[in-house]
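Student: Here's the letter readout for the chains.
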Amino acid sequence: MLKLTYFGHTTFILESKDITLLLNPGIWNGEPVVPEDVDVRIIVATNHDDDSMGNAAEIAASAKAWFLGNEETVEKVRSQGGKSWLLHTLKAEEAYETPGLKISAYPLQKKNPTSGERYENLGLYIEMGGMKVGYLGDTVVQGPFGKFEMDVLIAPIGGGEVFEVKDAVSLCLDAKPRIGIPIRWTSPDQPSNFAKYVSQFGQGVIPVVMEHDQVLEIHWAAGNEFRHTLS
Amino acid sequence: MSEHKIVNIDLEESETVTLGGRSGLDHIDVSGVLKVTNPSDRCRIWNVKVHLGETGKGTGIRKKNLPGGEIDAGGNWETYYTVGVQAPLLALTEVYDTCGSVETEDPHWAYIFGVDNPIKMTIQLKNNSSGQIDNIILNKTVPPELSEITIESATSGVAEFDEGTSQIVWKDFTIYPEESSTLVVTAIGKVADVKSKVAGEIVVTYRAEEQQRSILDPDMTALTEFLTGIENAETEPNHWECTLECSNESDLMIRLDKAAVFLVPEGGGKKELKIDESPAFEMAPDQDWSAKFDIESKSPPKCSQDVIYTPMKIVTKRVLGTIEKTAQIIPVARIGYTKVFEPPAVDSFDKTPVEVTIEITNSGSAKLNAILVEDDLPDDVMPPLKKHISVWIRGKEYTGDFEFTKEPNNQDPETTHKLTFGIRDLKDSVGELAPGETVKINYAIMAWKSRPEKEYPSPILSSATTHPAGLLATVAGEDHKLEVIYKKRSISTKKAINKGADLGEYVVVLVVENRGEVTAENVVVKDWIPPGFEYVSVDPEELVPKVSPARKGSNVTWTFTRMNPGEKKRIRLSVSGEGEYERREPQVTSD
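Chains as they are written, first to last, in the numbering used here: chain A, 54 to 284; chain B, 1188 to 1778.
Keep in mind that the hints were calculated from the coordinates and are not lab data.
Here the structure is a predicted model, which is why all the values come from computation and not from measurement.
Hints are supplied without guarantee of correctness; some may be wrong.
[To be verified] Over the 10 Å line for every Cβ pair with chain B, so calculated as not near, a few chain A residues:
no., residue
1, N82
2, A114
3, E125
4, Y149
5, Q162
6, V222
7, D227
8, N246
[Claimed, not checked] Chain A regions said to be covered by chain B (calculated; three or more residues, Cβ under 8 Å):
no., stretch
9, 185 to 197
10, 210 to 220
11, 247 to 261
Positions of the beta carbon are idealized from the N, C-alpha and C atoms, including for glycine.
With the hints as constraints, model all of the structure from the sequences given.
Tutor: Following this line, the structure appears as structure tokens:
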């Protein structure tokens, strides 16, 4: 079983019986999305922007959790006091494995909305709790995720720096995950449109729009029947 | 007898009827004149009394007997009254059907804007009385928006359309009790604005002789010039032959109702009735009537008389009627619409959800009962399912059922689709759509790899009906199309052949990058491995190629479902073998 708790923006905690994973503990409008004392084993930020890595250094120090990111992000955490022995650089298309968790990172891109410049944002293919989760963080490209087999796909929809709704919907159509979860929306009609379009055109993909602090539990009933429960 | 003069009591009652636009009774007034006319050339009648008894009930006349006083020769006396009734003797109904070509239980009641409305007017007059009605003249005003007026049929009488006065005149007929006459007129109605029109009023006048709306049954008594006397003639000693003689001195017919003579005893005492007759004798002018009796008396007998007579009367009566039917108000059915794609344009070669919003507005003056929309979707568009369509009426989401069909009934984006929507029987669900109110249909389509060189027309035909349904109020839009924004496609491929770790091993590096402005789909990268060499492995390992034999050597192929703008794939292909590693450039194709 895998439990996904949404903290808003792009932040999730994924929990299985073996491990707890924090994704993109960002800082938005000067406020960290998750408190420093959150108890997790591993933290991953998909890029070096504050709205992705946020207070990862403090959380890692407090929880003595591993921090994973690309080179630039790891360096930034290090510069913020992150302990070297807790930092791990994710290499493109190389899997990071620890008991109960396997993460494969794929270099995607985030766009500077002002200059149009693109820089690296990692897309994560996460295998934990018997589930396969695609987490695209802040991306404007889908990379190889359209071909991946996923139980859950988490994709941004806010436009500008990241996917627009149509791009996330298209990815759902391509990859056909069991569940599609939108993140990082900037207006309330974006998640509802995502849900509407995925429901209409997704050919079986279930859109799940999560609210802040809402928990999605997914598991295999009788070993082969996918079930999900949203708190 | 008939040439003799008889006092006339005339009851002339007038019923004035106002009907509403749909022929319902709005108002009815009945007033009457009771007139006593003395036809004499020279004789007055006096002590005139009109006896109504109980028949004056419901007329406003409270007295059972009305004093008429004196009426000089040739003069008259009259009194007025009213009568309370529920319905006229003659019933008028007009059915103004704005779509006579479509048979329905109830008539159509609205013009359709801008089209030839086949008008059918059916005017029926029914005699609800027990006597015949004649002198009927019906005038129907024809509204200016009508043309080609044709008298289709008239079951009796003569009907003509007078262009000068724009009136249909129907006359020269009699309707017998419980029978009816019908006039059918057809025309073409065409309206160029949506203001409600009037269908033209009807005025009918008629006369019903020997009929009345009251129950008045008048009688009359009066006096006039009339001579009475008793002649005593002694025929034998103390034997008297007495004769009561009456003579009509007037020029009127008089009826002698009573003749009584009493003998006054010589010595006094009780009078003895000698003549007591009720002859009801009708006396022409100068005609006499007499009665005799004998008396034994020593002196001339003293007699008194009691003679009652009255001028004879006849009662005539009639009802004069006028019906004014108010013109029916005929509203005009018209609709307007908007159709909006949001976004209005999609990037070429991309998949983009597009919201389609169709809003139908009742822009006429008639309430609408059904809205129908035919919406054509172009190819390269995935159409909606019914469950994803929302309908809004008056700004509120409509949860009732609506008709939806899709032809062909699939979601294949490679074919065009015709969507039809039907929201019917609004009167039984949320109420008819009033002027100014709207029905909105919203659904999403998925623009599916639209090509910049193609046109994606999406015409729409919207229509509406009133209840009952007749002609459709339609509005068509041919100019709608889904615009495509041309986004340049540019797939760049680079290839390097590097030596491997061991002899005969090579690492072929392929870099594929979408440098265009649009997502590329189904990107197929094909590279060639020369003869003598074989595919060994690939990095990243997920990108295992499809290896197939070529005429010489073999081909390795990768297919990428989508590559977003700026997306780059770097493939490191390891091959090994012997011989010369010939270089050929990789081939890249995409949708």
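Student: Which of the stated hints cannot be reconciled with the structure, identified by number in ascending sequence?
Tutor: 5, 6, 7, 8
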